[in-house]
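Residue-level listing of the chains:
Protein chains: 2
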Amino acid sequence: MKIIVAKTAGFCFGVKRAIDIAFQIAQEKRKDVYTLGPIIHNPQVVKKLRKKGIAPIDSIDAKKNIKALIIRTHGIPLEISQKILSESCEVIDTTCPFVKKAQYYAKLLNEEGYQVVILGEKNHPEVQSLMSYAGGDVVVVNGEMPLPKLKRKVGIVVQTTQPLESLKKVLSRTLELAKEIKVYNTICNSTALRLNETARIAGKVDVMVVVGGKNSANTTQLTRLCESLGVPTYHIETASEIRKAWIQNAKKIGITAGASTPAWIITDVEKRMRDIGG
Amino acid sequence: MKIIVAKTAGFCFGVKRAIDIAFQIAQEKRKDVYTLGPIIHNPQVVKKLRKKGIAPIDSIDAKKNIKALIIRTHGIPLEISQKILSESCEVIDTTCPFVKKAQYYAKLLNEEGYQVVILGEKNHPEVQSLMSYAGGDVVVVNGEMPLPKLKRKVGIVVQTTQPLESLKKVLSRTLELAKEIKVYNTICNSTALRLNETARIAGKVDVMVVVGGKNSANTTQLTRLCESLGVPTYHIETASEIRKAWIQNAKKIGITAGASTPAWIITDVEKRMRDIGG
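Chains as they are written, first to last, in my numbering: chain A, 1093 to 1370; chain B, 1093 to 1370.
Derived from the structure by calculation, the hints contain no laboratory data. Keep in mind the model is a prediction, meaning the values are calculated, not measured. Don't take each hint at face value.
The list treats identical chains as interchangeable, and a pair is accepted whether it falls inside one copy or across any two copies.
[Unchecked claim] Derived DSS-like pairs: lysine-lysine, alpha-carbon spacing no greater than 25 Å straight-line:
id	residue 1	residue 2
1	Lys1363	Lys1193
2	Lys1245	Lys1344
3	Lys1139	Lys1336
4	Lys1271	Lys1192
5	Lys1271	Lys1108
6	Lys1336	Lys1296
7	Lys1175	Lys1193
Based on the provided sequences and hints, a complete structural model is requested.
Here's what the structure looks like:
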């Protein structure tokens, strides 16, 4: 049995940066430090951080005595940033710098008179944050749905973890509706590399195992990609979920993981597979 | 035998405007009035205008005594505009207003720091004119060729008679290379309508006849479109070219024509077909 682990599996630059900052603060053993929402979309990492004393809260009203608040990698809506600034707590911003850039472009496009179109998942916190910068005419679309009526001038920004293929589709459709289009391709490079490597591996294995939070959009996207290529695919959060039946007849197995999956979970999964597979 | 003539066949707004201006001047019977290059890409119209006393010249150096110079619908390069302005002759500019707009956007994109990509036919006078406004980094591409290496910021303008499908292709490819893209879709509406109607007619006839200058890019494009849809297609300039063998077994015949084809030639073609077809 051969196991191929994607080189691009696991923490991207932005997630690594956020987790380093958060665990550094945890080490200082300060009291009343919280993350606003889960810092990344990986329940195991969030649990580990909670054990170190930093728990997520849903809103700043949820706790009375906040000393410091950590802003998650996905960013937060502008209104909430402003509300936090009016509080007396310290703010530690781990928003991914690439998400910050997308926020900036959404704001710029709106100021330049473009109707902003965001390619992404409407309920994802990153998109929620981008929307708050994009002005009142903002429209959120995914790569599959038809576009609504658009204005003459349309500006496009993209959730950093979307596939380029979706942007191509949306842009082609926008050309039917708008006369002037400005696109900031804010898809981050590590997303593109991870999707490409995953597709390459999925093309030559009998089974794909995708590791990462069930709530992680980019991990789910990897799963969908592998499935669309016709290879049996299993999305797991931890090694304990692996079933012998999945892999016992496989000669080659591929492992990939989302940007929010820590290396230790990926190592565990590989190890467990070798234990089961013999 | 049923003949369907495309409603969108023939003179577009810009060509009609230019021809009206030129023949108006011809009527004034002034001496030493010339067009710089053929005013439109239709040899029959150019011949008619020559008979009325207005002939095309290749360059302003070609004639010594120019009293007035008519600028063709396709526009001219900026350097030549400047050279003409330094001469003492009168300038009558019949550049299509939509081409003027594309020139303006090419200039604007260059000033805003974009590397300008022009979608069009490199040797076409409209594209030659656009290039002169687009700065030193300008690249000309068509819908089929791979793109060269591009800068981070790319601005796209389009020859007014290109099909939207080509713009979609070029834009998809540009997304692989540039991070910020600004597109001015300068394809004129009458081009899009003519291509759409032609495709619709070609889909339901036995033979298509495309009428217009052999040197007309948009007429040639209509021919290619019909051929690509698998219908026997003939590109002619005048009624005299029609052969009985083309249409004798046809139950339905479609006629379309480029933006530079005058109504009288289209009428002649239809009449000649009815004469032959019985």
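Which holds for Lys1271 with Lys1192 at a C-alpha limit of 25 Å: within a copy, between copies, both or neither?
-> between (28 Å within a copy, 16 Å between copies)
What label fits Lys1245 with Lys1344 when the C-alpha limit is 25 Å: within, between, both, or neither?
-> neither (50 Å within a copy, 42 Å between copies)
Are the CA atoms of Lys1139 and Lys1336 at most 25 Å apart within a copy, between copies, both, or neither?
-> neither (27 Å within a copy, 83 Å between copies)
Since the copies are identical, ignore which copy is meant and state whether Lys1271 and Lys1108 lie within 25 Å (CA to CA) inside a copy, between copies, both or neither.
-> between (40 Å within a copy, 24 Å between copies)
Tell me, please, which holds for Lys1336 and Lys1296 at an alpha-carbon limit of 25 Å: within, between, both or neither?
-> within (20 Å within a copy, 59 Å between copies)
Intra- versus inter-subunit Cα pairing at 25 Å for Lys1175 with Lys1193 | within (21 Å within a copy, 46 Å between copies)
Under a CA distance limit of 25 Å, which applies to Lys1363 and Lys1193: within one copy, between copies, both, or neither?
-> Neither way: Lys1363 and Lys1193 sit 38 Å apart in one copy and 64 Å across, limit 25 Å.
The structure shown violates the earlier hints numbered 1, 2 and 3.
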